[in-house]
Amino acid sequence: MSQDATQSNVVLQVDNLESYYGPIMAIRGVSLSVQEGQIVTVLGANGAGKTTLLKTISGVMDPEKGTIKMDGDDIQSLEPDAIVRRGIVHVPEGREIFPLMTVAENIAMGAYTRKDRSNISHDEEMVYSYFPILKDRRLQRAGTLSGGQQQMLAIGRGLMSHPKLMLLDEPSLGLSPLLTQEIFEIIVRLNREQKVTMMLVEQNAKVALDAADYGYVMELGRIVMNDSAGVLAASKDIQEFYLGVSQDENQRGQRRWKQRKTWR
Amino acid sequence: MTQTLPPQEKVHGLMINTDLSKGPFYIDGMDTTPKLFRKRCQNLGDRTAHREKRFGIWRSHSWDDYFTRAKYLGLGLVSMGLKPGAVVSILSEDSKEWMYTDMGVQCVGAICAGVYTTDSAVQLEYLVNNSDSRFLLVENDEQLDKFLQVRDHMPDLIKVIVINRDGLHDFKDPQIIFLDDLYRIGAAYDAANPSAFDTLIDATKPEDTAILVYTSGTTGKPKGAMISHGNLIYSVSAGLHDGPVFDTDDQLCFLPLCHILERVFSVNGPIAAASTINFAESPETIFDNLQEVSPQTFVAVPRLWEKIYSQVAIRIGDATGVQKWAYAQALKSGAARAKCLADGKPLPIGTKLAYRFWDFALLQNLRRMIGMDRLRRGGSGAAPISPDLLQWYHSIGVPVLEGYGMTESSGIISINSEIANKIGTVGPAVPGSQIRVAVDGEVQYTAGNVFQGYWKDREKTAETFTQDGWLRTGDIGTLDNQGFLTITGRLKDIIITAGGKNVTPAEIENKLKFSPYISDAVVIGDKRKFLTCLVMIDQENVEKFAQDRRVPFSNYASLCAAQEVQDLIRETVDDVNQDFARVEQIKDFRLINVLLTADDDELTPTMKLKRSFVEAKHNKLISQMY
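These protein sequence lines are chains A and B, in that order. Numbering of the first sequence is given in this note's numbering, commencing with residue 36 and proceeding in unit increments. Numbering of the second sequence is given in this note's numbering, commencing with residue 597 and proceeding in unit increments.
Here chain A stands alone, though its shape is the one from the complex (with noise of 0.2 Å):
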């Protein structure tokens, strides 16, 4: 095992996972864990099954063969109100927003699941001091906000409903550089300020290496790598796959070709 398992503090268990779309396998036996207060990041290329991990952890899609765990709870049969309610919650790819509604009826939709009416309030003030912006535009309709706005809306409203862990699918997905480090600010502070466990997916390796605590890498529905952070930068092939450091220049001055993957 990677992350050492039997560790008490660990909130996420997945072992063994599979998943399918129709016939087509899409996660082909992963195993990881994610502990209190961690960022995890997952990393991968198009079609690695980064995605169909989060939705099979959040409930939107069952798994084949598998167990996922919660606090030592199986939750891999549950839907995803229930898996909700236990303290999960998925921040999905491109936002997913409602667009007709506007920025507060939004934020309000993330507190759905709970019964403690009256700290609502207080939490929206919370979230609208991480976000200042949605504040200015609470009244306006969530379509018409801005990409990196929109995102800021869909964490917003994910953290509503007080998650012990939230999932994030590619936070910096269609945002400038500059938006992206922003975000990614957020999310750190909230990790360490709201004390939200967070494990997040991207395809911008170098945000999430620099915000992350621990990492896997997956290709082809399978994890080929896990390590800290920190060491993950460092390995050569994460250098080179996803974080475009050309290795050793040549004779010639450029490169096209890439080298052989190894993963060690």
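Check the hints yourself; a few may be wrong.
Calculated pairs, SDA-like style, for lysine to any residue (alpha carbon to alpha carbon, straight line, at most 20 Å) [to be verified]: (1) Lys296(A) to Thr714(B); (2) Lys1056(B) to Gln1040(B); (3) Lys1140(B) to Met60(A); (4) Lys100(A) to Lys1140(B); (5) Lys296(A) to Arg257(A); (6) Lys271(A) to Asp1197(B); (7) Lys296(A) to Gln1143(B); (8) Lys271(A) to Asp1195(B); (9) Lys296(A) to Thr713(B); (10) Lys271(A) to Ser617(B); (11) Lys104(A) to Arg1145(B); (12) Lys296(A) to Ala1194(B); (13) Lys296(A) to Thr881(B); (14) Lys104(A) to Gln1143(B); (15) Lys271(A) to Leu1192(B); (16) Lys271(A) to Asp1196(B); (17) Lys935(B) to Lys1018(B); (18) Lys296(A) to Trp921(B); (19) Lys104(A) to Asp1144(B); (20) Lys100(A) to Ile912(B); (21) Lys100(A) to Arg1146(B); (22) Lys1213(B) to Thr297(A).
With beta-carbon atoms standing in for the labels, derived distance ranges [claimed, not checked]: (23) Asp984(B) to Lys271(A): 36 to 46 Å; (24) Glu1167(B) to Ser164(A): 30 to 40 Å; (25) Pro770(B) to Val280(A): 25 to 35 Å; (26) Asp171(A) to Gln907(B): 53 to 63 Å.
Only part of the chain A face toward chain B is listed, based on derived beta-carbon distances under 8 Å [claimed, not checked]: (27) Asp50; (28) Tyr251; (29) Val259; (30) Asn261; (31) Arg287; (32) Trp292; (33) Arg299.
Calculated directly from the structure, the hints in this document are not laboratory data. Built from N, CA and C at the ideal position, the CB exists for glycine as well.
Go by the hints and put chain B onto chain A.
Below, chain B alone, put in the same frame as chain A:
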């Protein structure tokens, strides 16, 4: 032609020597591959010689095309200074250009040497310099970069030719040209000297060296085995004698052409048999390509046969109960039929009917699924294959026959055939050859395909021959009373334990390798108190095992570390230990927990572990066990 040929006879459509024990050897009246190649191209003209996949479509290339390309390539090199007897190296994956180079170079009387694409720049430097290569063909920018890294150390190289221009359009260097330039130079030379190519082909002689094949060299530097035209003509004659290939056959080429097995089977064989070669796109697509091509005759290494079997086994494992039952019944009837055929007994009517039914209902579909519905004959070589695996293939109606050979014997020494097959042996000596077993157990061989010696290495050459001129294979084996050869190990790998017991590690290793979960193993114990071994697991099958039993793992290292996987290998080792005496039993083992690739020193290009490198690199693991 005025010379008189030795007596010839027609075998499977080819005229070859009636008596294959004496040279010179002829195929259809030709004593060198270039002459035979010219004859074939002239007769076959616009028929398809080979196919290559481009942008997802199989494209055909004619024998005319083959000849023209080889001619221009060869003459282009000649006009730039290539002399007969000089060496040209090629560093490329299998492709039609590889064959054009091979034929072009041999037709002009020069020698062609292959370099593995997995070799490093330093290895390339050694091979080019050791072989005194005057020209080097490289596949693409990636391989070109290897040359550029070490170019200063290759003073004798005249020119480097790049086959594929992609990514190099603005690249200019006086020493480097592209293949299309070479074709142009060759065409111009041909126009100016129209008879030059024919004259050069006519000048090739059976005793001339045709190719240099560097042996993987588990110890020391690689050595270049010199193989003559006569050697190759003999290998092809003897090979096709017992394993016929016809001009309607499709073949799939996927092993490196640098390897003697693929070279003889996919370049020289098809020229003689006029069959069609199809180039697999890449090592990853072999199974798809196999289905698309569905070859009539196919030679592979045990690893590939194992993989195909594993894929079927995995699918059956996930099938329904009824399907599993049907599969078991079909296998049973297939096994019964295969046993009768092997014993040479007539089929009982019940077996015949049962097989006919299951063949129709299930086995033919299974064969189609793995791309073997047209397969007449499969071959396995380059490493030992599990007898159980061969039984399985025979049961599903795919005759896979094991053979044996080495670089120094131009690829073949013995092969099993449909008429003489004994599973577990590597077959009888090929026609015209002789095998004997020396007092120390070494297999020795003499025939028309015994190589000429190592390039510029008299000492090593002398070591390879006995006093009376037989080839020392370095393998230990036995011959049974019907002349079938069984190989048990390598002579120089014999382990002498601290207790003074001689152990042939290959015997134990082969038994271990027959497990679907073990891809390769190396037994350790020379001058030590007891035997241990290092094991390389089969990733796919062990992952499947772990997945089915819900053994969590994240990557290769954690898979190897999993207790259940350790136990699984322990069980296999214990099983294998049963077959051996106490002193020959494996006391402990370690798994190599990094996924090795062909780029690693520890693996040969055919993915076998190299004992010396493994022992050196994994010293830590070994010392843990003692």
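Hint check:
{"no.": "1", "hint": "Lys296(A) to Thr714(B)", "verdict": "holds, 13 Å"}
{"no.": "2", "hint": "Lys1056(B) to Gln1040(B)", "verdict": "holds, 16 Å"}
{"no.": "3", "hint": "Lys1140(B) to Met60(A)", "verdict": "holds, 13 Å"}
{"no.": "4", "hint": "Lys100(A) to Lys1140(B)", "verdict": "holds, 12 Å"}
{"no.": "5", "hint": "Lys296(A) to Arg257(A)", "verdict": "holds, 14 Å"}
{"no.": "6", "hint": "Lys271(A) to Asp1197(B)", "verdict": "holds, 19 Å"}
{"no.": "7", "hint": "Lys296(A) to Gln1143(B)", "verdict": "violated, 24 Å"}
{"no.": "8", "hint": "Lys271(A) to Asp1195(B)", "verdict": "holds, 15 Å"}
{"no.": "9", "hint": "Lys296(A) to Thr713(B)", "verdict": "holds, 15 Å"}
{"no.": "10", "hint": "Lys271(A) to Ser617(B)", "verdict": "violated, 56 Å"}
{"no.": "11", "hint": "Lys104(A) to Arg1145(B)", "verdict": "holds, 17 Å"}
{"no.": "12", "hint": "Lys296(A) to Ala1194(B)", "verdict": "holds, 12 Å"}
{"no.": "13", "hint": "Lys296(A) to Thr881(B)", "verdict": "holds, 18 Å"}
{"no.": "14", "hint": "Lys104(A) to Gln1143(B)", "verdict": "holds, 17 Å"}
{"no.": "15", "hint": "Lys271(A) to Leu1192(B)", "verdict": "holds, 16 Å"}
{"no.": "16", "hint": "Lys271(A) to Asp1196(B)", "verdict": "holds, 16 Å"}
{"no.": "17", "hint": "Lys935(B) to Lys1018(B)", "verdict": "holds, 11 Å"}
{"no.": "18", "hint": "Lys296(A) to Trp921(B)", "verdict": "violated, 41 Å"}
{"no.": "19", "hint": "Lys104(A) to Asp1144(B)", "verdict": "holds, 18 Å"}
{"no.": "20", "hint": "Lys100(A) to Ile912(B)", "verdict": "holds, 18 Å"}
{"no.": "21", "hint": "Lys100(A) to Arg1146(B)", "verdict": "holds, 9 Å"}
{"no.": "22", "hint": "Lys1213(B) to Thr297(A)", "verdict": "holds, 17 Å"}
{"no.": "23", "hint": "Asp984(B) to Lys271(A): 36 to 46 Å", "verdict": "holds, 41 Å"}
{"no.": "24", "hint": "Glu1167(B) to Ser164(A): 30 to 40 Å", "verdict": "violated, 60 Å"}
{"no.": "25", "hint": "Pro770(B) to Val280(A): 25 to 35 Å", "verdict": "holds, 32 Å"}
{"no.": "26", "hint": "Asp171(A) to Gln907(B): 53 to 63 Å", "verdict": "holds, 59 Å"}
{"no.": "27", "hint": "Asp50", "verdict": "holds, 4 Å"}
{"no.": "28", "hint": "Tyr251", "verdict": "holds, 7 Å"}
{"no.": "29", "hint": "Val259", "verdict": "holds, 6 Å"}
{"no.": "30", "hint": "Asn261", "verdict": "holds, 5 Å"}
{"no.": "31", "hint": "Arg287", "verdict": "holds, 6 Å"}
{"no.": "32", "hint": "Trp292", "verdict": "holds, 4 Å"}
{"no.": "33", "hint": "Arg299", "verdict": "holds, 6 Å"}
Hint check: violations occur at hints 7, 10, 18, 24; the rest are consistent with the structure.
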